[in-house]
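A.B. asks: Using the hints, build the complex out of the two chains.
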Amino acid sequence: MSERKTSAGVRIRQRRRSVGLRQAELASRAGISASYLNLIEHDRRRIGGKLLTKIADVLGVQATFLSEGVQATKINHIRELATPLAHEEAVQQVEDLATRFPMWVDFILNQERQKRALEAQVNALTERLSHDPRLSASLHDVLSTVTAIRSMSAILSDTENIEPEWQMRFIRNMNEESLRLSDTAGALVQFLETDAKNASGLLSPQEEVENFLETSGFDFPFLENENDDFEKELHALLDTAGLSPSGIWLLKSYFVQAREDVRKLPLAVAQSFVSASGLDPVGLAQMAGVDVPTAMRRLATLPMKQKSEACGLLICDAGGNFLFHRPIEGFRVLRYASACPLLPIFDALHFPMRPIRRVLAQNTSDVTIFDTISFAQATESSANKEQPVVKSYMFIRALNKSGANAKVQRLGPSCALCSVKDCDSRRELSLVEEGF
Amino acid sequence: MSKMVLLIEDEPNIIEAINFLLKRDGWDVKTHANGHDALDAIHRNKPDLIVLDVMLPGKSGYEILRDLRTEEDNKALPVLMLTARVQDKDRDLATQLGATRFMTKPFSNAELLSVVRAMMDP
Numbered sequence: 001m002s003e004r005k006t007s008a009g010v011r012i013r014q015r016r017r018s019v020g021l022r023q024a025e026l027a028s029r030a031g032i033s034a035s036y037l038n039l040i041e042h043d044r045r046r047i048g049g050k051l052l053t054k055i056a057d058v059l060g061v062q063a064t065f066l067s068e069g070v071q072a073t074k075i076n077h078i079r080e081l082a083t084p085l086a087h088e089e090a091v092q093q094v095e096d097l098a099t100r101f102p103m104w105v106d107f108i109l110n111q112e113r114q115k116r117a118l119e120a121q122v123n124a125l126t127e128r129l130s131h132d133p134r135l136s137a138s139l140h141d142v143l144s145t146v147t148a149i150r151s152m153s154a155i156l157s158d159t160e161n162i163e164p165e166w167q168m169r170f171i172r173n174m175n176e177e178s179l180r181l182s183d184t185a186g187a188l189v190q191f192l193e194t195d196a197k198n199a200s201g202l203l204s205p206q207e208e209v210e211n212f213l214e215t216s217g218f219d220f221p222f223l224e225n226e227n228d229d230f231e232k233e234l235h236a237l238l239d240t241a242g243l244s245p246s247g248i249w250l251l252k253s254y255f256v257q258a259r260e261d262v263r264k265l266p267l268a269v270a271q272s273f274v275s276a277s278g279l280d281p282v283g284l285a286q287m288a289g290v291d292v293p294t295a296m297r298r299l300a301t302l303p304m305k306q307k308s309e310a311c312g313l314l315i316c317d318a319g320g321n322f323l324f325h326r327p328i329e330g331f332r333v334l335r336y337a338s339a340c341p342l343l344p345i346f347d348a349l350h351f352p353m354r355p356i357r358r359v360l361a362q363n364t365s366d367v368t369i370f371d372t373i374s375f376a377q378a379t380e381s382s383a384n385k386e387q388p389v390v391k392s393y394m395f396i397r398a399l400n401k402s403g404a405n406a407k408v409q410r411l412g413p414s415c416a417l418c419s420v421k422d423c424d425s426r427r428e429l430s431l432v433e434e435g436f
Numbered sequence: 437m438s439k440m441v442l443l444i445e446d447e448p449n450i451i452e453a454i455n456f457l458l459k460r461d462g463w464d465v466k467t468h469a470n471g472h473d474a475l476d477a478i479h480r481n482k483p484d485l486i487v488l489d490v491m492l493p494g495k496s497g498y499e500i501l502r503d504l505r506t507e508e509d510n511k512a513l514p515v516l517m518l519t520a521r522v523q524d525k526d527r528d529l530a531t532q533l534g535a536t537r538f539m540t541k542p543f544s545n546a547e548l549l550s551v552v553r554a555m556m557d558p
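Chains as they are written, first to last, in the numbering used here: chain G, 1 to 436; chain B, 437 to 558.
These are computed hints drawn from the structure, not numbers from a lab.
Glycine is no exception: its CB is placed at the ideal position from the N, C-alpha and C atoms.
Please note that the accuracy of each hint is not assured.
Stated by the list, open to error - Selected chain G positions facing chain B (in silico; Cβ < 10 Å):
1) 7
2) 139
3) 141
4) 144
5) 146
6) 147
7) 148
8) 149
9) 152
10) 158
11) 159
12) 162
13) 169
14) 176
15) 254
16) 257
With the rest of the complex left out, here is chain B (with noise of 0.2 Å):
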């Protein structure tokens, strides 16, 4: 059975592009669309690996970020963050609040499957 992967996105054209790329690449792929309700997506998803958004609506992905981690069952889920925001700040925050990997956008495609791969695979 295929490792999922849970793609916590708003941006409906980079949803069906990453969607697009891990289905191809043999990953089942679950996709969830605002923030607010993401954790609940998680639980009922229970995803080997998550790719998370930072800007979403309702609820940011460091705040998403931040709950998982004070779940038992979550703290070692691999997680990889997605952002538009470069400063080292917000990396720091990333890995700080509990990222194990992140990447700012744009990325290259090539980039996202390596870097999902070597996350599943570590």
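Bound-form chain G, shown alone (with noise of 0.2 Å):
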């Protein structure tokens, strides 16, 4: 069947088809009956409008994907990358370009998927080389062992008539720093070309807690079970979890905090809160009784069977410093680099208890927009009963762009890698601008 010819209905029965969703889970989601839909989906009712949107939302594709195949979502992309860029006039010959050189289009848009590849790629790499704390201890360790060998081999070619004691010495003393030299340089060239989320040896505690969990799909049975066998079965996957013991004692963290959500948040209350209300955390506190935070936190963590899209939360302390990151595809978080001052993880910060909602899009010419909801919360501390303990969530979802009635703020991930000309809160030179 011809893409023009297939129907709005029959794509909306396909794509929920490819991503698990049963007709009444839609159906709820969007807001109608399952049968209404049953007859959107067999072309027995015209879609059109907020409601085409709103299934759209909730399938994570674009409306036009829906309403008239992958060609007009195509020239739509095609548009929304040049329309910043591009003169006016240049815009308008999009849907022409397409219809008389197809194959150029395809070519366009493989060019801006490589480019957001290599985006990905910049971003990793500037966050390792400039401020990853063991590439530059590694860097340290390389210069102070040169430094060693420099110095004694000057001594034993300049020193005339030097003791043969010392002699020795100095021999013996550069073959333990050629040796150190040999193994630290080693380390840094595996380092560099190898990936980090595949050399786990190399990645700080948090990273390995967070390869871990997103290894493992974020599904612990053993902690949504109501038995008593939660201490044992925790042991024993940390254990086996293979992690520094660093990482074994933030991991411990977070399973001990994620038990206490399960029991103020059982999977059954989630799952039937997602299915009706989608992924809203502020939704899910008020109905559950619960802390924004713990929902935000639950939500994060469900395994991706229990929901039909992706989100991705980010926690950070009163410092800025980010304690968590599960990651969402096309929002970058830089580890180490200072991160974006204008998120709203950090105004949260000043306005404890209080959401924040932002629509976010990262640089001038991505497309994917996220929505945010943001919340600061200070708890007691066990131990300095005076200093209470502050973190900031964000909550992020990707958003379907044609849905988004808010202002959308654009942001980098980094003042480096930012190309949004005109801010105030800059701190260096972008080396995404031209002109760098």
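C.D. replies: The structure is reproduced here in structure tokens:
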């Protein structure tokens, strides 16, 4: 069946099945009855406007994908890419371009995908080279070793009548330093060549934990079980996790918090809410009578099989240091480099207990936008009653652009990787700005 | 009596090399390998010049220098800072905190000796 002849109803049904949603579930989340959705899917009712947008949002696609198919979506995508950059007349010629030169449209979109992949690599490398404390420590180690070798070899070559015992001592020391230098240099090469996700020995404890959780799909049945085996299962898991001692400590803290979250928000309650209302942490907190951070953690760490759309979560302390990051595709967060100060997670620290909602897009050419809710909370410290522990949370969901009515705030992962011009908060020149 | 250099550095082979060089050049040398009680070592030894590494266990060279310069008796004590860091901001920080001279690793032995002689006999 050619794309033009495939109806919106058929596309909705195909997409719904591909993401594993039952008809009743999609209907409920779109705010219509299952029987009405059935009529739409079998082309017995027309669909458009807000309902089409809502369904597209739930299915994680653009509305044009459902109403007009892949070709129209491609045209829209090119138009969005071109709008900030090209002359208005060129933007109007996009449809003509797509009709007459479809292969060029595919080429342009492919280039855009490659550009994003390269940007992600640049982000990761910049972060490593500029701010990774392990790299900094390794380079310092190399320089100290080289200093010792240089000094000792100069002594041996320049000192006349050097006593034999000093000679032997320096030769032995040089041998020691050479071995150390070769080990450090080898580790550095490995660090620079290996993808951080695959080199667990080179990750920070936080990265180890986040990788472990992501690899497991955040799917830990023992967390949700109501029996008393939690401690035993937890220790068995920690023993086999293969993390560093710091990683194990952090992972244990994660699970202790997660268990408390499960007690306050059982899976059935969370699932039922998500089916009816989607990923809305403020709504879930109100419905379940829990605090917003609990709802955010619960939603962000539900296994994907319990929800049909991905979400991200960022947690920072009062100093702005990131404590936890569940990534969402397209929204880049640099762990070591200084993050953009405009992130609402930082604003929330100044307005504790007040949800701050912002729609964000990273850089001027990105078409994916994100709905974020940030919330900061102070909890009593057991060690120091006079100084509460303050943490800020930012919950992130990808938003279908056609459904975004709120103003979009554009920012970059960090100043060095941000193409937003005229920003009063800029701390350094951008690597991606023309003329850098 | 020879003037005395206090070397505050934690890398054993660098200590040995610098110790050998300075003693051969006629200076009396004492060494101390951690930052945590470096100020006590300075008070105890009363050196004429300090060679101070930046990256030390316990307390950094910058912190030691900052604290040293708050002491009336040690405001003018010559301090040569050694560091593997090469950025301008590190040099500026060392100067701001009161370092007399600043050398980056790796350095040449001849350069080290030349600087120490110049600092001891300005």
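A.B. asks: Next step is simple, just say for each hint if it's right about the structure.
C.D. replies: Going through the hints against the structure:
Because the smallest distance between the Cβ of residue 7 of chain G and any Cβ of chain B comes to about 63 Å, over 10 Å, the interface hint for this residue is violated. Among the interface hints, the one on residue 139 of chain G holds; its C-beta lies about 7 Å from the nearest C-beta in chain B, closer than the 10 Å criterion. A least Cβ separation of about 9 Å between residue 141 of chain G and chain B falls short of the 10 Å threshold, and the interface hint therefore holds. For residue 144 of chain G, the interface hint holds, the least distance from its beta-carbon to any beta-carbon of chain B being 5 Å, beneath 10 Å.
At its closest, the beta carbon of residue 146 of chain G sits 5 Å from a beta carbon of chain B; the interface hint therefore holds under the 10 Å criterion. Taken as an interface hint, residue 147 of chain G checks out: its beta carbon lies about 4 Å from the nearest beta carbon of chain B, inside 10 Å. With its C-beta approaching chain B no nearer than about 4 Å, residue 148 of chain G sits inside the 10 Å limit, and its interface hint holds. With its C-beta approaching chain B no nearer than about 8 Å, residue 149 of chain G sits inside the 10 Å limit, and its interface hint holds.
Checking residue 152 of chain G against chain B: minimum C-beta separation of about 5 Å stays under 10 Å; hint holds. A least Cβ separation of about 7 Å between residue 158 of chain G and chain B falls short of the 10 Å threshold, and the interface hint therefore holds. At its closest, the beta carbon of residue 159 of chain G sits 7 Å from a beta carbon of chain B; the interface hint therefore holds under the 10 Å criterion. Checking residue 162 of chain G against chain B: minimum C-beta separation of about 9 Å stays under 10 Å; hint holds.
Taking 10 Å as the C-beta contact cut-off toward chain B, the hint placing residue 169 of chain G at the interface holds, the least distance being around 7 Å. Because the beta carbon of residue 176 of chain G sits about 7 Å from the nearest beta carbon in chain B, less than 10 Å, this interface hint is met. A hinted interface residue such as residue 254 of chain G counts as satisfied when its beta carbon comes closer than 10 Å to some beta carbon of chain B; here the least separation is about 31 Å, so the hint is violated. At a threshold of 10 Å, the smallest CB-CB gap from residue 257 of chain G to chain B is about 33 Å, leaving the interface hint violated.
Consistency note: the structure conflicts with the earlier hints numbered 1, 15 and 16.
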